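These protein sequence lines are chains G and B, in that order. Counting in the numbering used here, the first sequence runs from 275 upward without gaps. Counting in the numbering used here, the second sequence runs from 275 upward without gaps.
In case anyone wonders, no lab produced these hints; they're calculated from the structure. These figures come from a predicted structure and were not determined experimentally. Backbone N, C-alpha and C fix where the C-beta goes; we use that ideal spot for every residue, glycine too. Where hints are given, some of them may not hold.
What the hints assert, rightly or not - One side of the interface only, derived from the structure: several residues of chain G facing chain B at Cβ under 7 Å:
| hint | residue |
| --- | --- |
| 1 | Arg288 |
| 2 | Tyr516 |
| 3 | Ala543 |
Protein chains: 2
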Amino acid sequence: MKAPAFPDLQTSPRVLLGPGPSMVPPRVLQAMAQPPIGHLDPEFLKIMGETQSLLRYAFQTDNSLTIPVSGTGSAGMEAALCNFIEPGDSVLVGVNGYFGERLVEMAGRYGARVDRLERPWGEVFPPDEIGEAVRRKAYKLVAVVHAETSTGTLQPNVAEIASAVHRHGALLVLDTVTSLGGSPVKIDEWDVDIAYSGTQKCLSCPPGLAPLTVGPRGRETLRSRKTKVGNWYLDLTLVEQYWGSERTYHHTAPINMNYALREALRLVAEEGLEARWARHRANAELLWAGLENLGFPPFVPLDHRNPTLTTCSIPALDDAAFRRSLLNEYNIEIAGGFGPLKGRIFRIGLMGFSSRRENVILLLAAMKELMPRG
Amino acid sequence: MKAPAFPDLQTSPRVLLGPGPSMVPPRVLQAMAQPPIGHLDPEFLKIMGETQSLLRYAFQTDNSLTIPVSGTGSAGMEAALCNFIEPGDSVLVGVNGYFGERLVEMAGRYGARVDRLERPWGEVFPPDEIGEAVRRKAYKLVAVVHAETSTGTLQPNVAEIASAVHRHGALLVLDTVTSLGGSPVKIDEWDVDIAYSGTQKCLSCPPGLAPLTVGPRGRETLRSRKTKVGNWYLDLTLVEQYWGSERTYHHTAPINMNYALREALRLVAEEGLEARWARHRANAELLWAGLENLGFPPFVPLDHRNPTLTTCSIPALDDAAFRRSLLNEYNIEIAGGFGPLKGRIFRIGLMGFSSRRENVILLLAAMKELMPRG
Chain G
275 MKAPAFPDLQ TSPRVLLGPG PSMVPPRVLQ AMAQPPIGHL DPEFLKIMGE TQSLLRYAFQ
335 TDNSLTIPVS GTGSAGMEAA LCNFIEPGDS VLVGVNGYFG ERLVEMAGRY GARVDRLERP
395 WGEVFPPDEI GEAVRRKAYK LVAVVHAETS TGTLQPNVAE IASAVHRHGA LLVLDTVTSL
455 GGSPVKIDEW DVDIAYSGTQ KCLSCPPGLA PLTVGPRGRE TLRSRKTKVG NWYLDLTLVE
515 QYWGSERTYH HTAPINMNYA LREALRLVAE EGLEARWARH RANAELLWAG LENLGFPPFV
575 PLDHRNPTLT TCSIPALDDA AFRRSLLNEY NIEIAGGFGP LKGRIFRIGL MGFSSRRENV
635 ILLLAAMKEL MPRG
Chain B
275 MKAPAFPDLQ TSPRVLLGPG PSMVPPRVLQ AMAQPPIGHL DPEFLKIMGE TQSLLRYAFQ
335 TDNSLTIPVS GTGSAGMEAA LCNFIEPGDS VLVGVNGYFG ERLVEMAGRY GARVDRLERP
395 WGEVFPPDEI GEAVRRKAYK LVAVVHAETS TGTLQPNVAE IASAVHRHGA LLVLDTVTSL
455 GGSPVKIDEW DVDIAYSGTQ KCLSCPPGLA PLTVGPRGRE TLRSRKTKVG NWYLDLTLVE
515 QYWGSERTYH HTAPINMNYA LREALRLVAE EGLEARWARH RANAELLWAG LENLGFPPFV
575 PLDHRNPTLT TCSIPALDDA AFRRSLLNEY NIEIAGGFGP LKGRIFRIGL MGFSSRRENV
635 ILLLAAMKEL MPRG
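With the rest of the complex left out, here is chain G (with noise of 0.2 Å):
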């Protein structure tokens, strides 16, 4: 068999302004591209438990069990939901945009018996809603994304929400993959039990880890299961012993992605929480703005409207021919609706790194001069 030959990697400069992956700062880059370690030596353990705190301060929580699932967002989804679920539990999922499909996709899998709670793509639920479906049905999980990154919308009120979950014993499990590290997360304030992220977007550190924490209630549920987690590699009653203090091997941790997860939350803590928040929030009123003005209004109503991932409504041009030229012609990328949205939306980020001044003018000057002229 012939040995293939291709020429060395080369990539155009994008500027990401899309769902994600977001741009990724050289720090990071820089320290992502370290000769790695093994996954047992003490050292990689204390960057382990480095990388342990500076997530615990990202999700603003004091969970022991907080680490990064040696995978991308989506893996971060299945361990949130595998490990809590037996076959037959009853589970409740709020449905308002394509993730809150896949939670119902995925917690079927490991047989739990789903019950969707549903708003269109582009609304946000009302808590006393969810209120009322906890006190009709007993559930043992209730799974909300906090921001829907298929339509741009923030769930308000998620304190409220967690505590008519626990009035009635069920478990809240929470997306964060679009704000964590961009909007306000506060897991112990709200008193959420289980949330997952991932690195690529907020975080600014590239695809490859989903941030996973747990609360008391959580890790309770987890000792007291009755069968196996139905999935091996995301089982955390075993990765818990590699990242508590048995050090106890599991699978080979993804040593580079951890350098990198490192170096990116480093950048979190020096910014701080409020600053990063305050910087998303600025950016994306500037975008609101300039959007506006271009004739691409936002999509959802400012009160649940997610400042990291903008979505806007689409005058009358060809959605994929204008997003091809921005980028083919300016280096831009953005993305298109999916699903029930698909053609009627744009969907912009403004995510961590790529949430910057010039990345907003850059783009509304591009999306200008690629206007259809009256």
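Fit chain B to the known structure of chain G by using the hints.
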């Protein structure tokens, strides 16, 4: 909550001669540190296609479904099982070390009725023993470890095993985690149905991806499933739509890890597999002779000894203290044994970029210095 502060990433210049991760060539680290682009960017789709083509060369296969799974080697193992097992299926696993045990454990999570074919740690299976087992009972799938990382064996006669397994209508799954890229692996010539590996062994790429290849019988089994795959993240019916011509979004691929893998595989192709296998063999033979001289005789007989991971018996000395001194005084990582071999063997990897003559003589010289004076 106060933001934690940690210093710049700083690790010691380790010489990695354990069972993985192996050392990573500078070209791979450089490729990995390129800024990420989007996972649906046409430029990334091209990189994916090139990586698949290079992976096919490494596996010596024409299988179109040849991809890097977005997790470490254990995720590859789980993908190789969960996609082909439905609850109630009969599975036979060859258990002659830790990774055989793990195959049993994982297959059980997906509802398989698992039979174990056992050999003591350090031995391999005569092909007629597997032939006899598949004749006695009908199995859907038989799983065998090619290179057992816990013991240092290399299973011979894989083609003969595959032929017996197929004669009785089963699929053959082969674990090539520690052999791919360092020792002959010939998927098509041997007629193996499903094989997986890790990036951090003989391919000398950081850990984080798991090469996987699936042949026609495996694809047919996947197509004719009656139930959904019990694992969403690793569900090949969805994953293959992203890596195939449809390019349907499933999860965000670990972009930079894929940059690294492409470069690591380019190095494999440039060296050529035959030359690479010969290099691993020559350096292993040098090591074996040196260890014998020092009083650490190889643990596995020559006819099924793995050249990429050597195990040797330990004379009267403190196992853990010896390895700690190698690490702290010489920056050399090797590993001890575990399970029934704990305290009885060292495990020394000469894999990929770590397999160099200078590393062998350095290790032997350091071990000689550390020998207790008689």
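Hints and how they fare:
About 5 Å separates the beta-carbon of Arg288 (chain G) from the nearest beta-carbon of chain B, less than 7 Å, and the hint is met. For Tyr516 (chain G), the suggested interface contact is broken, since its CB lies about 11 Å from the closest CB of chain B, more than 7 Å. Hint status for Ala543 (chain G) relative to chain B: holds, with the closest Cβ pair at about 4 Å, below 7 Å.
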